[in-house]
Amino acid sequence: MTTGKAKPFSRRSVLKGAAATTGLALGSGAVTGFPTIWAQNIKDVTLRQFGTGVSNLNEVADKVKEDLGFTLEMTALDSDSVTQRAATQPNSFDIADIEYWICKKVWPAGNLQAMDVSKIKNYDKIVGIFKSGKLTPESTIAQGTAPHTVGFVEGVDGKTFADHETGWMTLIPTIYNADTLGIRPDLIGRPIESWTELLNPEFKGKASILDISSIGIMDAAMVCEAMGEIKYGDKGNMTREEIDKTMAIFTEAKKAGQFRAFWKSFDESVNLMASGEVVIQSMWSPAITAVRSKGIPCVYQPLKEGYRSWGGGIGLSKNLSGLELEAAYEYINWYLSGWVGGFLMRQGYYSAVPETSKDFMSADEWGYWFEGKPAEGEIKNPQGQVMEKAGAVRDGGSFYERMGHVACWNAVMDENQYMALTFILFTLA
Amino acid sequence: MKIKDLISASERTSWLLVSPLVAILAFFLLLPILTLVVVSFWNYNEFTFFPDFVFDNYAYLLTSPVTLSVYLKTLKFMALTWIFCTVIGFTVAYFLAFHVRSLGVQIGLFLLCTIPFWTSNIIRMISWIPFLGRNGLANSALISMGVIDEPLDWLLFSDFAVVLAFVHLYVLFMVVPVFNTMMRIDKSLIEAARDAGASGPQILANVIIPLSKPGIMIGSIFIVTLVMGDFITVRFMSGGQSASVGRVISNEIALLQYPAAAASAVVLLCTVLLMIAVMMRFVDIRKEL
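Just so you know, the protein sequences line up as chains U and R, in that order. Under our numbering, the first residue of the first sequence is numbered 3, with each subsequent residue one higher. Under our numbering, the first residue of the second sequence is numbered -12, with each subsequent residue one higher.
Same shape as in the complex, but just chain R:
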């Protein structure tokens, strides 16, 4: 009896300790998502939306050919952004973690990487527009160097511009977790590999990359979720000419079709969760944290 009382007392303490977090998550995460799901079954007309239980929103969404093409487009942006962010992020983190010897310089350079991120997303994105424009810096520089005769139109308001902006905006989300895991790799492992006769590329492939996987995976989750949910970058950098799931949702909101927007959001949420679930199958992040 006495032992049981003790356990329940300690259990009570644990419950008490987690309750603020549970309350916050329940109120600010679960409740909104629940509302979203509920509203996605509501009906709407031109002016307002009202409680109902219809599957029209999903039926339309899941049978429309537009949905597929928009998802493919969004996935394309996501894949390209992920590839570039991973390559660049890994390289930067590798340099910081293994080439820079002093901790002071490491921290200094790391902070340097974050400085652009003190400004808002929108500003960093918009600042590309005068740079990439037809009469922008990039084109005039290329013309004056004699590389091209005519300005390159595809630099701005194109899928290229969208991916460029995404990589610029989100690469830090890859650098930080990868750098973090790399810093925790035991240096003696690398020495051991070298003593055993491994070459530089072999150490990279067999020691560093496998041990950096959790960081890469965390960064990938950031990038996948951010790109899949974006609408403003696609809108601005493509000049309003390219599609993304986020833009479809924002259009639906603009037309007051909240239930349709909610259904789109639920489908997007499921898609992203599914993608993350698949990614988690490859690396057990919890084991590594």
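Looking at chain U on its own, in the form it has when it is part of the complex:
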């Protein structure tokens, strides 16, 4: 049950009490220079972070302990559970590592507090996608829940999203990428260029789509639009009619045996692809590298209609205050300072402040992952495993080439409930 009653002696109140007592004790002795007290006390702080598996990495927690001194507890959950927790269990976390579409959904529940960008050192260097919405001044803004549309509110308690940079950010962007279909080139044996191939009868019984409604519907819409079956007003905010049509096309394909399986977790998608059960499916970037690191060819196929993109960020629980809030800001500043960015970029994601990550990557790694240049030597993942041999080029090319061709952002629609229900009916059909 999630009635969310505060216990009389929660860990937090005890901690707060302890901090207050320390402050009092020192205060009575007329000690000046609070920063030192912060710096000393911060070692006792534990921040509880939860989020999707993407960026909830133990390596990050270890490095936080090493660089900042405090403890970061990580919990990795699937998108549904993350949404659920952020919306209903405000006392169960300090830091929410969520995607922008989840933010749109859970922000109105009022469990998160906005962040003062004047405390964020690298704010000016954050990529334009998260501020004005434009990657370069010439870019057009893609459909869906583009991060900047839910990135700002008016003031710390703001409940409605602002359409411009207000100085109060809902999430500090941390990680994002452009998604497309993954294919097994060895089992397909011909070029794949369009989203329509997902429903091509040639791949009957060998296709898969992910069973997370808010993302699956996007991939489905990319396919239906590419097929010319449906013209969407906004794929990220479909009407009931558009949802019905999209799911009708997919239900028909399902009944004809197009799909081998639906997947819900990262590992399932890797196994489906690696075992050859599936040759074309919705996939996430690190899943591709996971398949490839088993020595099995797998391509993250750029498609002419563009990418479906997503972005995540860190949000702060409304319950954070005092020392813990300071620690959280330190953590955010550290997050954007480059080490994590380099770590994530070497897995194929992008950092919100790419230029700081450059210092934490070799020139060859930077060239391969960010600039889309052929690798000069072996490209290794953060764990030291060889992922690509010299000469390899990243699927889709450079950062600007990939992020510049985003057709749609992961989104939450006005008809979200209806969509989710319709999507479930499709999976059960």
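Don't read these hints as lab results, they were simulated from the structure. Predicted model, so just to flag it, every value in this text is computed and none were measured. Honestly, I wouldn't trust all of these hints.
To be verified - Pairs of lysine-lysine, DSSO-like flavour, derived with a Cα cap of 27 Å:
hint, chain 1, residue 1, chain 2, residue 2
1, U, K121, U, K136
2, U, K375, U, K67
3, U, K206, U, K67
4, U, K206, U, K256
5, R, K63, U, K256
6, U, K136, U, K296
7, U, K320, U, K65
8, R, K63, U, K257
9, U, K206, R, K60
10, U, K123, U, K136
11, U, K136, U, K306
12, R, K60, U, K247
13, U, K306, U, K375
14, U, K121, U, K45
15, U, K136, U, K233
16, R, K60, U, K256
17, U, K360, U, K133
18, R, K60, U, K257
19, U, K121, U, K360
20, U, K161, U, K133
21, R, K174, U, K266
22, U, K296, U, K247
23, R, K200, U, K266
24, U, K123, U, K67
Based on the hints, put chain R in the right spot on chain U.
Only chain R this time, still in chain U's reference frame:
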């Protein structure tokens, strides 16, 4: 007066003796079910659920055509699993109880049956996936034997796979109670039947099966409740493509629709209780325990 005092004293002792069990059942069984029923009348929006008294959850559930098809599908899984588990479970128990003579070997073989059940349900289920896959052991063996030319796709991510996994997971729940009742059949009854000229099949049909009924019924109750409430086996073995009542509930929970999920759970609970009530009409288990 004195006798009445005595009775109430012994009654008090009995009440005292059952009170721990009553307390545990009340707290861990009745209270949660009561909460479930209460929540099923609550209302919800996209983010949260709140106290209310609405029949919408039930109205939607009981009028949706999906409910019927999902229940039919679940019942199909249940019926198939039950048939296979009963046939296999009865055969195994029969072999153990009547063909194996020494008690030591009986116990040894019985323990052997339980060994796979020392691992988790999920692991036993997942281990079928590489075996049944398109390039899995089953297909490559069949191809190398020349039985088939093309891999069989229906082995995995199909209703076949779901039922196979269910039977594998739950057959022991049939073996154990049936074996238990068979062991308590008086051997002289079988001898008497044989002396009276009954053939092997006649003994089976007229003596052993009727006397094993309570065990079969207990096993059936296990299987019916386990299969009706399952969501993870159906999800994994059908590749997320098949429906079951449990999956509907888990989807509702994922969408934060707790009251809807609670209503589904209440309806499922009633269905299962009804099924068990019907089964109990056929065999009086208490008489046989």
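Original post:
Among the hints numbered above, which are violated by the structure, and what are their numbers in rising order?
Top reply: 2, 3, 6, 21, 22 and 23
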